[in-house]
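J.: Please build the complex by placing chains B and C on the supplied structure of chain A, with the hints as guidance.
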Amino acid sequence: MELLPYILDLAGTFVFALSGAMAGVKHRLDVFGILVLSFAAANTGGITRDVLIGAVPPGAINDWHYLGVSLLAGLITFYFPAAITQRWSPVLVFDAAGLALFAVSGAQKALVYGLNPVMATLLGMLTGIGGGMARDVLLAKIPTVLRAELYAVAALAGAAIVVIANMLQLPSPAAALVGAALCFGLRVMAIKYGWRLPVAATRRRRGRDPGSNPQPPPEDAG
Amino acid sequence: MELLPYILDLAGTFVFALSGAMAGVKHRLDVFGILVLSFAAANTGGITRDVLIGAVPPGAINDWHYLGVSLLAGLITFYFPAAITQRWSPVLVFDAAGLALFAVSGAQKALVYGLNPVMATLLGMLTGIGGGMARDVLLAKIPTVLRAELYAVAALAGAAIVVIANMLQLPSPAAALVGAALCFGLRVMAIKYGWRLPVAATRRRRGRDPGSNPQPPPEDAG
Amino acid sequence: MELLPYILDLAGTFVFALSGAMAGVKHRLDVFGILVLSFAAANTGGITRDVLIGAVPPGAINDWHYLGVSLLAGLITFYFPAAITQRWSPVLVFDAAGLALFAVSGAQKALVYGLNPVMATLLGMLTGIGGGMARDVLLAKIPTVLRAELYAVAALAGAAIVVIANMLQLPSPAAALVGAALCFGLRVMAIKYGWRLPVAATRRRRGRDPGSNPQPPPEDAG
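Residue numbers (the UniProt record's numbering), protein chains in the order written: chain A, 1 to 222; chain B, 1 to 222; chain C, 1 to 222.
So that you can see chain A by itself, here it is in the shape it has in the complex (with noise of 0.2 Å):
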């Protein structure tokens, strides 16, 4: 039970770390910067994660293995780019993988440290979209995961799936492999058609009726 986390975690490393890197390579940040970048995208949801639940020094700075899986995805992705980028953008595939693994091994991680299956599950779910929330704040974007298509929503339900099954005493293992299929089904088939959760119903042309304010809301909260 200890061990398929370990592996999980450094498969989630590696395409989350390509993920970064592709980011990193599109911005067109040097070869140091898309080691950053690489790191940052694949370490951040675990490390945050394991200062959370107290688990320090963090897995991923006291193991070799995570930074030179990290540095591994981000030289492999400077120096084939192009073998990477082309046609449709695999960021979106790879960052669907590292969702699938992560939201699976974080939540695995939060039920070994005895955490309750709520909180063991939005720490698998945070360990999924931290990567990739800092990913993107480094490189002064919205993070995908606050727009995108069922992005959190896939991370919850693949940690879900694993703290179920935990719950009722089911093989770790395969409840592993079915939550980060699901994960990464719902999430790819969500980038396919679009799928998407509502957005709130401001109706900024509302304003019309008499007496009400005509100028929309400042945009700014400061």
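Source of the hints: derived by calculation from the structure; they are not laboratory data.
Some hints could be false.
Unchecked claim - Some chain C residues close to chain A (C-beta under 10 Å, calculated; not the full set):
#1 Val118
#2 Val137
#3 Val188
Fair warning: this is a prediction, and the values are worked out from it, not measured in the lab.
Where is the CB? At the ideal position from N, CA and C, for every residue including glycine.
T.: Here is chains B and C on its own, set in the frame of chain A:
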């Protein structure tokens, strides 16, 4: 003395979550993005404080109520945004209320954990401004606190009241009330009357005197 | 061996706080915003390092001197910005000095806490680049470190000198001096001569060959 900060924390969580959700609605995030932003705006300040004082797992991770209150505020905002956004931007008022409640509860928790008066005051301020900073960073904006009318000063004043009252052994609930009222009042008055702290007098035109460099300084640090 | 990192830390705090304050002045923040940015730029790297190695509360929270030095630098910059911003942007020099001092002191503290050589080097680099990243993220910009001339490489080199000297049991103060000088020199030379790390060769025009997709890849990952 331990119940009071808890109640203040939950109230602050609710209003900051409203503030985060409103900002999310404005930026056309989907329902899950809005819930993530609600949670981040409401809990980042407290989580950061707890990690810094070594109280892990942080209250917001360990205790359902913070999550529940955040999601509730996010869903209310999602379903009834028009009622709130009409006329005068309410984000500012919610934000001021959250600032006041968090500055006070943050200072109280830091005192409970035995921090010295100055650092308890600063952690109160950090608790107050952390959530709003996270909300703005996630939306790729310069945080309100760095620009806005008496934002951090108000939080500092509210936290200082609590800490000073604690040093003078005055009753804690009254101090919390006075501190929160002072912070809220300062911030709302500053918004209403446009009170601002001074800005540094960088005279860009000053480069006219002979021998000086006519070009403006480079925009970017790198 | 414990006094040296402390003094280096305070010196690095001062220069990074200057760098944060200068960036705040450029973005027309008010005096409190400038002080917040001074503190964030000066202490985020060290606070992150301390949280990751389990040294909570972090030095910058527990010890008045960091706060005092940060505020002092912020106030100096606020009251005398013109003297500093004239001609060549001094942010870069302050930034390079802070980078050098923090990379060295960060590596030393990590060694004191018993981390292995590779991770101590990386934490030294993180201490060096963390503050500047926080400064830039708070200003909604892509961090300098991800683009700039030999930024993180310089920090890495400085930290590595300290760690290697420690392994060889060479005198610590001399190693710190050499490491800081190497880091500072590399960074300043890189700025002066425009040394840059290579950027990945994404040939956007390459999509001309038959059968390939003429559209550029989608800009956004979500």
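J.: Against the structure shown, which of the earlier numbered hints fail to hold, in ascending order?
T.: Violated: hint 3 alone.
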